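Numbered by our numbering, the letters in the sequence shown go through residues 48 to 647 in order.
These aren't lab readings, by the way, just hints derived from the structure by calculation.
All values derive from a computational prediction rather than experimental measurement.
Check the hints yourself; a few may be wrong.
[To be verified] No farther apart than 20 Å at their CA atoms in a straight line, the calculated lysine to aspartate or glutamate pairs in the EDC-like style are these:
no.	residue 1	residue 2
1	488	348
2	630	643
3	586	317
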Amino acid sequence: MPAFILSCFCEKALLYSRCMRSIMKTVRGFDVAKLKRRLLWLVGKLQREAEQNFGLIGSLFLLNYFSIFWLNIHMYQWEQLGVVVMDGLFLFAMTGLYVSLLSLLPVRWLRSLLLVLSFAIPVLLGALDVFSIISYEALVGAGVVTAMMQTNSHEAVEFLIQYVGWRGLAVMLLAGLAMAFAARYVVQWRLRFPSRHWRTRIFALLFACGLVAGIGIWEGYHSFVIGDYLDISAVRMARSVEVSFQNIEAYEKLSKQMESTARITENRSDIPQVVFILGEATARQRMHLYGYELENTPLLEELADRGELAVFRDVIAPQGATVAVLQELFTFADAESDKEWYEYNNLIDVLNLAGYRTYWLSNQESSGIWGNVAQFYARRSSQRRFTEIRESHEEHGTLDEELFPLLEQAMADPGERKFYVLHLMGGHSLYYMRFPYLFSKFGAEDVPMEESQLSEEKRLEVAQYANALYYNDYVVRQIMERFREQDAIVIYLPDHGEALYDHGSSVSGHVQENPNRYMLEVPMIFWASEEFKARRPEKWQAICGAVDRPYMTDDMIHTVLDLMDIRTEEFDASKSLLSPSFKASRQRIVQGRNYDMDMK
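Let's have the full structure, built from the sequences with the hints guiding it.
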């Protein structure tokens with residue numbers, strides 16, 4: 048045994064010796080001094096290019112860094128300042144290296160093209176981010192990109208008028224002139240101080256710090272990188288576009304191919320007429336029914352005074368934009384879900400299976416080249432009807448009252464049990480296009496005193512929104528009245544709320560990326576006919592007894608099924624507002640933020 052071990056040792060030593068001789072032979076044949084000279088030349092060349100293009104490097108750095116800085120300070124205040132500084136060091140070092148390497152390209156036209164694109168793209172995306180920050184206090188993300196893709200040309204014009212206007216165009220012109228000035232003078236600025244010797248040391252130190260910072264960010268703040276909190280605008284936009292296209296493709300594929308996997312475990316439903324009025328961009332704090340100063344809900348208040356309404360006081364949407372809300376409102380997906388929304392069963396399929404004839408009646412877009420999540424439900428309904436047949440590129444300005452004939456036709460259709468969804472335009476901007484002239488009740492002079500600090504233009508916008516809700520009050524009441532002689536129940540629930548310069552804020556409208564409380568807080572109202580109440584007094588009692596419960600509408604499907612006495616395998620009584628086992632302690636989490644603790 049010792050001899051065997053000695054033999055193996057000698058064999059390994061001999062092999063090692065041969066390898067070392069081979070390596071030494073290679074090294075002796077290699078000109079180390081030449082390699083060193085080339086490396087020093089390359090480093091010197093890169094440094095000279097960095098000095099010559101220092102203005103461009105600084106401009107590119109600021110254009111790409113400001114959104115990262117704003118997002119982290121906005122979300123975490125100054126708690127994560129360390130990671131923001133580290134990311135700044137890394138980004139500055141990599142920007143300098145990128146510009147310097149780009150300057151070494153031998154093809155002049157290609158070098159010039161890449162340099163122009165490297166400056167122009169961050170300028171464009173930076174302008175979009177600035178606009179989004181001013182308008183919504185959020186950066187451009189997948190929600191904004193999806194909304195842009197699903198917006199028809201007329202809505203785009205409305206959007207520009209609402210949020211840009213002539214003042215915005217003037218600001219954009221000034222910004223363009225500022226960028227032209229920067230491109231002419233700042234970008235071409237060269238670094239000429241301090242001395243060459245100190246510049247070399249400073250560049251080496253900055254590059255080393257950048258590398259260390261990059262390694263530290265990846266190792267210690269991996270979640271920030273994965274969560275896009277440290278991404279430059281171009282990367283974030285590319286990911287947003289990718290997500291948007293994936294969602295749109297999923298909508299189209301599911302609408303055509305998906306088969307329902309729902310299985311009804313209990314069906315005792317005997318309500319012949321169930322109506323779900325799906326409002327749009329309606330903020331409850333802007334309704335007189337909920338305490339707003341302007342009297343813009345007289346018809347609903349009349350019903351409330353007669354005891355005909357159950358007015359829920361503490362309901363919020365799970366998201367701040369229609370597409371994101373509809374993904375959860377009519378499916379079993381919610382804030383706690385670990386799968387994509389379209390992997391869950393939806394209300395329309397369940398009710399079809401339960402024997403209901405389902406109707407999707409809409410004053411919104413009937414079809415679109417990009418698809419729309421609302422079409423997912425419309426196409427799965429027994430009947431889908433629209434106030435107009437139009438594609439994404441066609442204009443529209445139809446008032447919500449145009450839904451009345453469609454509803455009356457649906458009511459006249461044969462069928463013992465029916466479920467209607469009426470999709471309104473409600474409080475969608477432009478607000479002055481959502482009501483007829485006869486409903487021009489409020490003007491800028493009527494805006495409440497607490498909003499008197501707003502400009503004349505903004506006060507007029509507030510008044511127009513109040514008029515839109517005044518008209519919406521009429522539309523909702525008219526729908527209810529059509530079922531007064533029926534055995535019916537009506538649910539009114541907007542998809543999300545709307546911000547409107549609340550408490551001195553500059554934010555108007557709604558957005559998916561960073562919703563505030565005003566974009567989430569929505570009215571929810573139940574109305575039932577006398578026949579419904581007489582046949583099911585315990586149902587109406589349960590509804591009225593739940594009006595003060597805290598609720599988030601990502602669980603709405605459970606409440607609707609509970610109301611209709613339909614059960615599926617996914618049904619959870621603790622998520623139904625009407626159930627004795629309702630879990631009122633559920634945390635209402637919106638995009639990682641606790642609404643009751645951090646936003647309310």
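Going down the list of hints, with the structure as the test:
no.: 1; hint: 488 x 348; in the structure: holds, 17 Å
no.: 2; hint: 630 x 643; in the structure: holds, 15 Å
no.: 3; hint: 586 x 317; in the structure: holds, 12 Å
Checked against the numbered hints above, the structure breaks none of them.
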